[in-house]
Amino acid sequence: MERVSLTGNDAVGTAMAQINPDVVAAFPITPQTELMHKFAEFYADGKVNTELILVESEHSAMSAVVGSAAAGARSMTATSANGFALMWEIVYIAASLRLPIVMPVVNRALSGPINIHCDHSDTMGGRDSGWVQLFSENTQEVYDNVIMAVKIAEHKDILLPVMATFDGFIISHTQEVVELLSDEEVQKFIGKKEMYYPLLDVKNPVTYGPLDLQDYYFEHKRQQVEAMLKVPAVVDEVAKDYAKLTGRKYDFIEIYGPEDAEISLVALGSTAGTAKDVVDKLNDEGKKVNLVKIRMFRPWPHETIVNALKGKKAIGIMDRSDSFGALGGPVFMEIRSSLMGEIKEDITANYIYGLGGRDISAPEIESVYNDLFEIAETGKVKNRKTYLGVRE
Amino acid sequence: MSDPTGWKNIPIGGLIVESGNSHDYKTGSWRTYRPVLDEEKCINCHQCWIYCPDSSIMIVDEKMTGFDYDHCKGCGICAEVCPPKVAAIKMVLENE
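Residue numbers (the working numbering), protein chains in the order written: chain F, 1 to 392; chain L, 1001 to 1096.
Please keep in mind that the hints were generated in silico from the structure rather than gathered at the bench. Here the structure is a predicted model, which is why all the values come from computation and not from measurement. Take these hints with a grain of salt, some might be off.
[Unchecked claim] Here are the simulated SDA-like cross-link-like pairs (lysine to any residue), alpha carbons at most 25 Å apart as the crow flies: (1) F/K230 - L/I1012; (2) F/K221 - L/K1008; (3) L/K1008 - F/Y196; (4) F/K156 - L/P1004; (5) F/K203 - L/E1080; (6) L/K1073 - F/R3; (7) L/K1008 - F/R3; (8) L/K1008 - F/D157; (9) F/K193 - L/K1073; (10) F/K156 - L/K1026; (11) F/K203 - L/K1073; (12) L/K1008 - F/D241; (13) L/K1026 - F/Q214; (14) F/K230 - L/T1005; (15) L/K1026 - F/D212; (16) F/K221 - L/E1018.
Same shape as in the complex, but just chain L (with noise of 0.2 Å):
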């Protein structure tokens, strides 16, 4: 059985015949600094969820639950639009 990701078993000339498959990709460990949310401080505000470029906000019922750490770059953009009076979100380095 050759390697299903061998040359014999893949589309030719480099095309990607499915879509939206993005989410196959896990982005999430190019990060250098992850976001950590302060549940009691989050006023669910979603400003988060607006402004981040790779749909990490994690929203149940309307309520921000947390990120999708495999999608998630660690671009810090959630926490510079998080509300400074609310500053539920903070950037920690990876290995902390």
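Just chain F, same shape as in the assembly (with noise of 0.2 Å):
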């Protein structure tokens, strides 16, 4: 296993090159342009044997690898905000279509007024596409989730497209050491693509993508669900043997901090790794607090996120993005949905944080975590949403 210093895109790029899929497209978009960059350098030296797609637009780019896995290739794209924004009527059919493609989306704030950094409002609008979202604190949880990625995508119960998140600029432009696995590991670990009704078969031909209206189209849905309900199980056993492989066990949520603190922050993506130096100073000084972080954000770990945070005695979600006009943000109505009878008072609290890539700083997470010991203390949520760090 070698230890490297990398960006979070060089990092993904480089696991791009490792799976080495059959089929990519490329177009870019701040921040994910310098992750195809590294990509294109691996292709460039012929490290790869993938067909590199060059397209016009984000939407060519997911049709693009809509129609390759059709085909029946390894797929992959990557974007970010509005690339994704553009893509999104083909983001759905590949859902729709079954097609395992695997794409890691640079989270970056959807426009306007116009904004190139990190928040989460790009793929939490993708949340009910059908896709599997993985969310990542770190590069190396990021280059671990993208390598897993393919093999959940693939797996003969799921046929689902899987997306690979993590955040732009503070992960994806910074350096931090990596373990990567050799190219060798990687390809024995993903495994040769097993074939599901590949359109290049020609002596078998299938239609793919034909009329569904209200004869068929509500079954196929239903099938989706059935396929979304059986993605834990692939996660867990594909978790489990990355484990075997690298060490590192990744769990559809993290705890952080003493299981049975009574006091709980929510959180996912990078912020997570600030929280938990705020989590590690607060149990120094004695205050029992730990951090809940969200890895699997699609499907929804309902049951997981039910044992960790009931009885709890109070309970902050951060949103890296609102929901305009709704009770919270994304992660803070799911939370709330989970809880409904499981808690007896209503202890949530939910903070709006980090838009357009606003710094969230350590004494911010320590502000809520003090908030939150008021809530602890009175039984009482003075405010359900906060906006952190907006000038009033």
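Build the complex: two chains, separate frames, hints provided.
What follows is the structure in structure tokens.
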């Protein structure tokens, strides 16, 4: 195992080269651009056998990999924010055609006003698209998630596209030490792609994408639901195999700090890393708190979340995107929905933070824990939704 | 026994995993006008057979015998291409 210093983008570009997909469609968008630069370097150096398609838009990128995946090719692309938004129509089609495409998404704010920095408004908007969504805290985790995503997507019980997300600039452009597998180890781990009615099997012609209408559409949606229900078992199985190889075991969520702490903060992405420092500091001061980091957002790990959060006296939920006009951000609404009937009192508070790359600092996260101490003491939530770090 | 067309029993992704199955899809119900053949007038020139977009002209031993009403959509092309001097095909309303 090689230990190197890489940016998030370079690590994912390296993972893609080690996966050596049959087809990659590439279109640049900040902050994803360097990811494909890195992959294109491997391509130019003849280190991958990939058919690299340089398309004219993200709509075309997703369309190209839908076509190649239906043909039976292991297919990948990557994007950010507005690029993801431009793919939108085909993102749903990829999932409904049950094509195991893997797509790293470098989280970035959706315009406008125009902004190239990190928040989760891009992929949170895609949470109902039928893709599996894995969020990553740091460079190592996204490297690992991208490799595992191939096995999850292509599993015969699943056959769904998977997006592995990581925070734009904060992770994508920051150097971190990463442990890389060898190319052979990655190839052995992901194995040969199993085929499901590939279009290139001309002796057995099949039709992709016929009219479904009132007759069958509902049944096909029900099948997508069923596949999603089977994802957690497969994610776990793949994570266990990966742990045997690397020693790094990933669960649907990660609880950092004492599990029996009565104060919990929920976060995903790079903020979880910052929050871990705060958890350490507070516990050192004798204040028992923990952090619940969500790695798998879709499918939503309901039971795992309930087990992690029931019995708490105060729960803070961090959202790096808002759902305008809704009760709270996407993570908040999921958590509250999961906790319905599991907790007696309303002890949840939502913190919308970091929109458009606004920095989130350790003292700010500590201020959230301070709010949670008050909720635990009084049993009352003063502000259900707080905009953390916005100028009044 | 679950429904053979239920979600547990059909291919995923909306795939149709056999070829040549358009024959099973009866498009005849789309018709407003129905072609009717006057066999005495027909000269078996086969213009209708050449132009029919739905392969619904039935020919037996090179003789025009009528229409496949299960699949004929009633477009009227057969009546249009039938030579004017012959005029062996008429379009009539389905309910007539």
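- Which numbered hints does this structure break? Going through the list in order, the structure violates hints 5, 6, 7, 9, 10, 11, 12 and respects the others.
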